[in-house]
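Chains D and P supply the protein sequences, listed in that same order. Mind the numbering: the first sequence is residues 1 to 417 in my numbering, read in order. Mind the numbering: the second sequence is residues 1 to 289 in my numbering, read in order.
Check before you lean on any hint, since a few could be wrong.
Chain P stretches covered by chain D per the calculated footprint, using a threshold of three residues with CB under 8 Å from any CB of chain D [as the list claims (entries may be wrong)]: (1) 134-148; (2) 231-241.
Partial chain D-side listing against chain P, Cβ under 8 Å, derived [to be verified]: (3) R259; (4) L409; (5) E411; (6) V413.
Derived DSS-like pairs: lysine-lysine, alpha-carbon spacing no greater than 27 Å straight-line [as the list claims (entries may be wrong)]: (7) P:K41 with D:K124; (8) P:K41 with D:K105; (9) D:K96 with P:K41; (10) D:K101 with D:K82; (11) D:K260 with P:K57; (12) P:K57 with P:K41; (13) P:K86 with P:K281; (14) D:K179 with D:K380.
Please keep in mind that the hints were generated in silico from the structure rather than gathered at the bench. These figures come from a predicted structure and were not determined experimentally. From the three backbone atoms N, C-alpha and C, an ideal C-beta is built for every residue, glycine too.
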Amino acid sequence: MKKNIFISIIAFLTIIIIAGCGQKDTAVSKESEAILEENWEDIAVLAEETEVRIFMWGGDDGINQYMDEWVAPNLMEQYGVKLVRTPMDTHEILQKLMTEKRANKNEGTIDIFWLNGENFKNAKENDLLWGSFAPNLPNYLAYIDGESLDVNYDFGTPVDGLEAPWGKAQFVFQYDSAKVANPPTTFADLKIWMEENPGRFTYPEANDFTGNAFIRHLFYESVGDIEMLLENGYDAELANASSDQMWSYLNEIKPYLWRKGETYPQTLTDLDRLYSQGEVWMTMGYNEARAVSFIEDGIFPETTETFVLESGSIGNTHFLTVPFNSPNKSGALVAINYLLSPEAQLAKMEPGMWGENMALDPTKLGEEHQQHLATLDRGKSVLAAEILQEHLLPEVDSRYVEWIKENWLYEVVQFNQ
Amino acid sequence: MRWYNSTNKKFLYLLPGLLFVLILVAYGLLQTIIESFADPKGQGLTFANYSRLFEQKSFWDSLVFSFRVSFISTVIALTIGIVVTKFLHEILLKKSWKLLIWLPMLFPHFIAGYLILLLFAPSGLFSTLASQIGIIDEMSQFPIIVMDRQGVGIILTYIWKEIPFVVLMLLPVFAQIDNRYKDVVRTLGGGKWETFRTVEWPWLFPVVVETGLIIFAFVFAAFEVPYLLGATYPKMLPVLAYQWFFEGNWSNRPLAMASMLLITAMIMILATIFFYLLQKKRYRMMRGN
Numbered sequence: 001m002k003k004n005i006f007i008s009i010i011a012f013l014t015i016i017i018i019a020g021c022g023q024k025d026t027a028v029s030k031e032s033e034a035i036l037e038e039n040w041e042d043i044a045v046l047a048e049e050t051e052v053r054i055f056m057w058g059g060d061d062g063i064n065q066y067m068d069e070w071v072a073p074n075l076m077e078q079y080g081v082k083l084v085r086t087p088m089d090t091h092e093i094l095q096k097l098m099t100e101k102r103a104n105k106n107e108g109t110i111d112i113f114w115l116n117g118e119n120f121k122n123a124k125e126n127d128l129l130w131g132s133f134a135p136n137l138p139n140y141l142a143y144i145d146g147e148s149l150d151v152n153y154d155f156g157t158p159v160d161g162l163e164a165p166w167g168k169a170q171f172v173f174q175y176d177s178a179k180v181a182n183p184p185t186t187f188a189d190l191k192i193w194m195e196e197n198p199g200r201f202t203y204p205e206a207n208d209f210t211g212n213a214f215i216r217h218l219f220y221e222s223v224g225d226i227e228m229l230l231e232n233g234y235d236a237e238l239a240n241a242s243s244d245q246m247w248s249y250l251n252e253i254k255p256y257l258w259r260k261g262e263t264y265p266q267t268l269t270d271l272d273r274l275y276s277q278g279e280v281w282m283t284m285g286y287n288e289a290r291a292v293s294f295i296e297d298g299i300f301p302e303t304t305e306t307f308v309l310e311s312g313s314i315g316n317t318h319f320l321t322v323p324f325n326s327p328n329k330s331g332a333l334v335a336i337n338y339l340l341s342p343e344a345q346l347a348k349m350e351p352g353m354w355g356e357n358m359a360l361d362p363t364k365l366g367e368e369h370q371q372h373l374a375t376l377d378r379g380k381s382v383l384a385a386e387i388l389q390e391h392l393l394p395e396v397d398s399r400y401v402e403w404i405k406e407n408w409l410y411e412v413v414q415f416n417q
Numbered sequence: 001m002r003w004y005n006s007t008n009k010k011f012l013y014l015l016p017g018l019l020f021v022l023i024l025v026a027y028g029l030l031q032t033i034i035e036s037f038a039d040p041k042g043q044g045l046t047f048a049n050y051s052r053l054f055e056q057k058s059f060w061d062s063l064v065f066s067f068r069v070s071f072i073s074t075v076i077a078l079t080i081g082i083v084v085t086k087f088l089h090e091i092l093l094k095k096s097w098k099l100l101i102w103l104p105m106l107f108p109h110f111i112a113g114y115l116i117l118l119l120f121a122p123s124g125l126f127s128t129l130a131s132q133i134g135i136i137d138e139m140s141q142f143p144i145i146v147m148d149r150q151g152v153g154i155i156l157t158y159i160w161k162e163i164p165f166v167v168l169m170l171l172p173v174f175a176q177i178d179n180r181y182k183d184v185v186r187t188l189g190g191g192k193w194e195t196f197r198t199v200e201w202p203w204l205f206p207v208v209v210e211t212g213l214i215i216f217a218f219v220f221a222a223f224e225v226p227y228l229l230g231a232t233y234p235k236m237l238p239v240l241a242y243q244w245f246f247e248g249n250w251s252n253r254p255l256a257m258a259s260m261l262l263i264t265a266m267i268m269i270l271a272t273i274f275f276y277l278l279q280k281k282r283y284r285m286m287r288g289n
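Please take these sequences and the hints and turn them into a complete structure.
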């Protein structure tokens, strides 16, 4: 008797699972392809009075404020599109999409999300993205330099129109000018400074985006020839052969790091906390204007300034994309197009908002916007645009990010244990 | 409807709950098992992920570290818990005191970990106090307790959180102990230690083992506290698995699945061994030897 019931349970379960997996909604995907063929006016009409859900990292108050208090009301007013922001880390978004893909769920909950680098590579390789929409956007055509490398390649992966550039950021160091009179200008200088001020510097783990960028910059120095690194793409042999200088540098500074390099901050947030508490005197980050809002909020000391090393500062572009199962693709297109408009991009640059550099080509802007750009004061802790431009280094293939993660653990953390 | 008799009826009532467990837990576990054996290149099943896992130095270091942290936390929490209950159980059975000792149970583990961080960090409350009083000259002289390679911060958090749990488990046992046995020991000339060893300990033992096992399994598989208070290296296994699962390189995901399965297996083996030993002990107690 019991056996019978057991069998019926199993049968019941099987039916549920099969029923759950079997649904394939071909109608939806057909309709979504067609949207790209519509002309822009029709898309805008379709999008009216709909809700667009954007999922993005929510760890920065300035960014959230810009989205909620500037973008959302303006988008509502001009296009009748309601923007709903959900904070979620990008890797979790990809996980969610991956699960939905497996379950054949063609009507998801995300219309737009924010991504970059290896996340884009994973999303592209696993077919989690909708299609080549970016070149269809009017503002993309009007204001973005469609030829430039940083728009066409995201960490070495061809973009193919699957994502639209949203902003640019550059790597800078922050320091407390009350404690550090002359910030170092080279990596050699930085090492001398660490020896003189033991325990006052550290960098986030290589698993952290910022920590990895710091090490990548050292990698550039170690290889020497950045052009070659870019042209050859990913080359593990080259990396192994020319990284001795980087590993020995990282091991040589270990005794002078915070906690003598026994442990590293897990994330940039942890490093920022150490900096704000005065445990370390320098922090860093992939946004040249990041200190502005921290100073305003009293998290960083007023005397915080930024610097870049003479050998340069890595910069990259980050993007917006539409997932394969977005329920409101026309709305997503209208919202992304609006986020690429000169008004939205210039507002994003305001120090009180996000403070981040725009993705648009400044030479393509109209006169009025050009003037606005010229008079924009990004805050005193932000380096001058010329200095930033002069030091800008491109990103390399994203597989180097992984390579650094794995080898850092072996070469630096486990070294001498 | 012959199968609808009283035994099956109970079973039928359980069905919704059982289904729930089966769908959520069993399906998840099955998926994990499949992915841990999935061949990274093709469709078949293979042990490749496990052999890759066993080649990782970080896996072995994490395993040893996890084991040590869980073992130390469990033993200390149990010892303090037993001592506290033994000497205070009469007071603790009153309601107001019970509340006080159970206060730490109200906090989630993450909050407890954060409290430890705020108190014991080199720029934390105790360090600031010590430097103001003049015990240490500079905040950096304060001993490193959080994010340390020995896991002191993690252990502290779990001790603080689990002692009340031990007390909660042991209080009813102390309340049940027949005090006439103690009188017997005393009449026969036994001291306090003898009383504890011969009267209280046999009652306590099964519950202590059970409680210890629960705490050990909990700490061994915990994520949030070691994530907050752990060092870069070695990481506790669940943190390492999380990292493998969520990092940009998805080729390490099978490693995460394999290591989580191993954690589950280890806890289940431990539980089986202890329950087997306990069963024997209970049997002997019943017979009165």
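If you check each hint against the structure, which ones fail?
5
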